[in-house]
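Now for the letters of each chain:
There are 2 protein chains.
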Amino acid sequence: MVNKCFFLVLCVSSMLAVSWGAKVRHYEWEVGYLFWKPDCIEKVMIGINGQFPGPTIRAKAGDTIVVEVKNSLHTEGVVIHWHGIQQRGTPWADGTAAISQCAINPEESFVYRFKVDKAGTFFYHGHFGMQRAAGLYGALIVDVADGEKEPFSYDGEFNLLLSDWYHQDISTQSVGLSSKPFRWIGEPQTLLINGRGHYGCSLAAHALDGVSECNITSDQCAPLTLLVLPNKTYRLRIASTTSLASLNLAISNHKMVVVEADGNYVEPFEVDNMYIYSGDSYSVLLTTNRNRSSNYWISTSVIGRLPKTAPALAVLNYRINPPTRYPNSKPPVSPAWNDFARSQAFTSKILARRGTATPPPTAGRRIKLLNTQNMLNGYIKWSINNVSLTLPSTPYLASIKHRLSGAFDAAAPPETFPESYNVMIPPQNPNTTRSSGVYALQFNVTVDVILQNANALAVNVSEVHPWHLHGHDFWVLGYGEGKFSEKDVARFNLRNPPLRNTAVIFPYGWTALRFVTDNPGVWAFHCHIEPHLHMGMGVIFAEAVHLVPRIPTEAIACGLMGKRLVNHKP
Amino acid sequence: MVNKCFFLVLCVSSMLAVSWGAKVRHYEWEVGYLFWKPDCIEKVMIGINGQFPGPTIRAKAGDTIVVEVKNSLHTEGVVIHWHGIQQRGTPWADGTAAISQCAINPEESFVYRFKVDKAGTFFYHGHFGMQRAAGLYGALIVDVADGEKEPFSYDGEFNLLLSDWYHQDISTQSVGLSSKPFRWIGEPQTLLINGRGHYGCSLAAHALDGVSECNITSDQCAPLTLLVLPNKTYRLRIASTTSLASLNLAISNHKMVVVEADGNYVEPFEVDNMYIYSGDSYSVLLTTNRNRSSNYWISTSVIGRLPKTAPALAVLNYRINPPTRYPNSKPPVSPAWNDFARSQAFTSKILARRGTATPPPTAGRRIKLLNTQNMLNGYIKWSINNVSLTLPSTPYLASIKHRLSGAFDAAAPPETFPESYNVMIPPQNPNTTRSSGVYALQFNVTVDVILQNANALAVNVSEVHPWHLHGHDFWVLGYGEGKFSEKDVARFNLRNPPLRNTAVIFPYGWTALRFVTDNPGVWAFHCHIEPHLHMGMGVIFAEAVHLVPRIPTEAIACGLMGKRLVNHKP
Chain A
50 MVNKCFFLVL
60 CVSSMLAVSW
70 GAKVRHYEWE
80 VGYLFWKPDC
90 IEKVMIGING
100 QFPGPTIRAK
110 AGDTIVVEVK
120 NSLHTEGVVI
130 HWHGIQQRGT
140 PWADGTAAIS
150 QCAINPEESF
160 VYRFKVDKAG
170 TFFYHGHFGM
180 QRAAGLYGAL
190 IVDVADGEKE
200 PFSYDGEFNL
210 LLSDWYHQDI
220 STQSVGLSSK
230 PFRWIGEPQT
240 LLINGRGHYG
250 CSLAAHALDG
260 VSECNITSDQ
270 CAPLTLLVLP
280 NKTYRLRIAS
290 TTSLASLNLA
300 ISNHKMVVVE
310 ADGNYVEPFE
320 VDNMYIYSGD
330 SYSVLLTTNR
340 NRSSNYWIST
350 SVIGRLPKTA
360 PALAVLNYRI
370 NPPTRYPNSK
380 PPVSPAWNDF
390 ARSQAFTSKI
400 LARRGTATPP
410 PTAGRRIKLL
420 NTQNMLNGYI
430 KWSINNVSLT
440 LPSTPYLASI
450 KHRLSGAFDA
460 AAPPETFPES
470 YNVMIPPQNP
480 NTTRSSGVYA
490 LQFNVTVDVI
500 LQNANALAVN
510 VSEVHPWHLH
520 GHDFWVLGYG
530 EGKFSEKDVA
540 RFNLRNPPLR
550 NTAVIFPYGW
560 TALRFVTDNP
570 GVWAFHCHIE
580 PHLHMGMGVI
590 FAEAVHLVPR
600 IPTEAIACGL
610 MGKRLVNHKP
Chain B
50 MVNKCFFLVL
60 CVSSMLAVSW
70 GAKVRHYEWE
80 VGYLFWKPDC
90 IEKVMIGING
100 QFPGPTIRAK
110 AGDTIVVEVK
120 NSLHTEGVVI
130 HWHGIQQRGT
140 PWADGTAAIS
150 QCAINPEESF
160 VYRFKVDKAG
170 TFFYHGHFGM
180 QRAAGLYGAL
190 IVDVADGEKE
200 PFSYDGEFNL
210 LLSDWYHQDI
220 STQSVGLSSK
230 PFRWIGEPQT
240 LLINGRGHYG
250 CSLAAHALDG
260 VSECNITSDQ
270 CAPLTLLVLP
280 NKTYRLRIAS
290 TTSLASLNLA
300 ISNHKMVVVE
310 ADGNYVEPFE
320 VDNMYIYSGD
330 SYSVLLTTNR
340 NRSSNYWIST
350 SVIGRLPKTA
360 PALAVLNYRI
370 NPPTRYPNSK
380 PPVSPAWNDF
390 ARSQAFTSKI
400 LARRGTATPP
410 PTAGRRIKLL
420 NTQNMLNGYI
430 KWSINNVSLT
440 LPSTPYLASI
450 KHRLSGAFDA
460 AAPPETFPES
470 YNVMIPPQNP
480 NTTRSSGVYA
490 LQFNVTVDVI
500 LQNANALAVN
510 VSEVHPWHLH
520 GHDFWVLGYG
530 EGKFSEKDVA
540 RFNLRNPPLR
550 NTAVIFPYGW
560 TALRFVTDNP
570 GVWAFHCHIE
580 PHLHMGMGVI
590 FAEAVHLVPR
600 IPTEAIACGL
610 MGKRLVNHKP
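Chains as they are written, first to last, in my numbering: chain A, 50 to 619; chain B, 50 to 619.
The following block holds chain A by itself, in its conformation from the complex:
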């Protein structure tokens, strides 16, 4: 009852606050477990309003989104993060448990209210424990505001939300990752497109040797078909919320023109296939100018790790063909999983579209973050500058804003790593530390972050990690091989670096990012691979928190902040 009242009050005030033409869009969501067959195998998943993936949010730039989330999980808390939305002025709506808010308790509700500033392809997902990997995600698409135009044209569009799927429940996964001896989750059983995939079989079995035909037993795993007309241009919005997998996507016989990355326009470039890491989103333009009597495979495959998961397939169906006809051909063959030169070449083509804001020419602060795999009392962890992230029970946003002492580790994590560290070999002293400490960022400073990759615990192993920043887009100034050095600064691209919210570090390489601290809040910056974050691969940026306006108490009434509020010291 009280939640409803609060909800209504917000609606009224929001109608006053939004600008002319913009809308307040309301959603009522119930998050709960459900039986579902994403790959024709039934499992328990987390869904929203009884469906998986969750409902698509569609809005226009400048709109205000209001989502009342009711938690109907039996015993678990929940939050929802709006991936790519910067939450300017509403950092408590970022949906990160223990960082921006308290988890919503079972049977309780929380109202997310935030503005979608700019057009683009985004998504949302759980950000508590490994709930994203249980299926808690969906698409969030923002069109240009009324009267505005995209800098490219198209006749229709489709949305492709890519993910991977494990048959093992997330409880078992997360306990295994936190166990001694360590239990790795392995490769996903199935890749999904819009929540649909096929386990142990292929839609293209008729064209392949030694592969079983699929027996589609449920609408929930019915193949996705994109019905298109010949000689039209379609916009495909493609985003990846995979738990582990890096992906390559191709459409047989068709080229794609990349026009958007993470909600930012890029200088258009044509590709035969594209690389998509967890946390990435893109728009590509597809022109249906091929033989109209054929249908074509859309295929997405694992790259970056030795693939043990079959590609996911969907059908590009020219409408003159019966909609259920599978292409006769073999699906497109993915590039070699370990052809990093090729994946780097794709990444290097992503440049800001002319007219995009350029970065400040110099940075006021540089933070170098060394990514290492380590041991902590026999447990395997990922560490940044030898600190493995552990989250406190009181959300940082509350404890920093209200200066609560003892809520997290007071010592700041290191700003860099030893010059002598050899990134090409396993850590010589694999022992690491745990901390909930934060990087405090002053307001209006240009910050450079150098993400430095290294060899993992095993020799000759260095993995791709897609790092995602909350609260900001950053400019990607450059990539390099080996250890970053001062002379690399001269190679930074300051002319047309792309704006992104997610950027990879390649094996044994570095990636340089720049952003301006103009958005007060507490922002997670982390590897978007779910098990890696669970194992500590992230840092926290506390950005000018004193400038955050009054935080709604319902977001932060837990942990020490809950005790303080209850003890009447607001």
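No lab work stands behind these hints: they were computed from the structure. Be aware that one or more of the hints could be misleading.
A pair counts as met if it fits within one copy or between any two copies, since identical chains are not told apart.
To be verified - DSS-like mimics (lysine-lysine), calculated; alpha carbons at most 25 Å apart, straight line:
1. LYS398 - LYS536
2. LYS119 - LYS229
3. LYS229 - LYS92
4. LYS229 - LYS86
5. LYS119 - LYS612
6. LYS167 - LYS86
7. LYS532 - LYS119
Fit chain B to the known structure of chain A by using the hints.
Below, chain B without anything else, positioned relative to chain A:
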């Protein structure tokens, strides 16, 4: 940090509060998931301090127990209920989520502090969702106070905590029970004694046909052996925390003398085997007066439902024999699962030991509770007087004490059911209702509760239900077949009815209970079968809540009470 301080303050005050000779016993528990092999098959379970079952609490009557519970489940809340402990003066420590307290959030701690008033065999378990069925339980044993004596003597004692175990995780179980179509959890895979059992094999395979020998692959499923000396008397403390199963326990060639039930002395009686329902606890005396060159099976079997689960076996090992030698004989054969006459005969032997307080001769209020299985919008539910229990997000103890409106259904559930209801056939109108309403009980009233069983949804089906009352022992005044009628009152046993906290209703029968409302608090009264409670089979007694002393805010700062506290209206 704050929790630690609070903990220390409590210690100091408790030292002052407890009477001479009594102790304050401190425990620090961390509740978390762990891999475990209770039946030699590895699964993820909930354990305490890295072990399953949880640590045994051992105290003396009059002691104060202080348990600091740290919740290390990744995303789930947790509470712990102290089954059989009456929590006089501390109803907020009863450990029932949404009833007596808020669930403890992940990474947070809560301190349970309560007095154990009287000696007896008790246990503790999770009381949120179906967490008990995930393994969250352990033993709680209270010895007589220093200088006091038990009314029987023995040379040694053993503790047998009986349970059942499902290989399916509780998330899947609870989602299935809440699904349309309904998915029944089926029979347990394994019975456990002190957390150990054997799946798909028998320790007695050498004496049985067509049964596999067990390959014991882990200490976690090592057979339990009771090492005894000949011609001694041992006290066996036996309790059942099963999720579903009703049990029969027997020891080959030995008789048992029942002396305690649910922490109350009973008039001793000898049996060949005993019936134990979920929520029951007993002490029996066992005299080792048989052939000392043999060992003997301790066997527990499913009764009350068609058994599909193998008996659990342990070894009574006379110490002159090598400790690993299994008995050569077959295990004792359990009575027929549906021999309710025999199980009723056992129950009827349980009578209060001479000297036990007798009940008031008449009751001031009678509540008749009809147990029915029903449908609610296509979902299968259990209902009491056509109301299926649903729990609110604000603990009743808080909302009633602080008169919060809108926290639960204001309408009280019905005090009885229609006279015309035919308990021998399925419900003629199976549609039921849901409510979070409560039975409000005035202080110092003698209340009779008549539990009335009935036919379930299918014809010729009526099940055993063990009902457990929190906050009280009750006198069991009698059992009867068919529908309770006014003339049955004359048959009530007012001379030596046993005091219990759990009592069964037999198929198509009724059970009459009496208690005095001398313990202010909010108390659950429910079927102790975990899936039945999940499906609504319980009621709430709100007993003289205005007399409850000040409730610690840390127990109730959630839901509407959390909002009220945060808004500074204590």
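Now the hints, each set against the structure:
no.	hint	result
1	LYS398 - LYS536	within (23 Å within a copy, 90 Å between copies)
2	LYS119 - LYS229	between (36 Å within a copy, 20 Å between copies)
3	LYS229 - LYS92	between (27 Å within a copy, 15 Å between copies)
4	LYS229 - LYS86	between (32 Å within a copy, 16 Å between copies)
5	LYS119 - LYS612	both (24 Å within a copy, 16 Å between copies)
6	LYS167 - LYS86	neither (35 Å within a copy, 53 Å between copies)
7	LYS532 - LYS119	neither (47 Å within a copy, 42 Å between copies)
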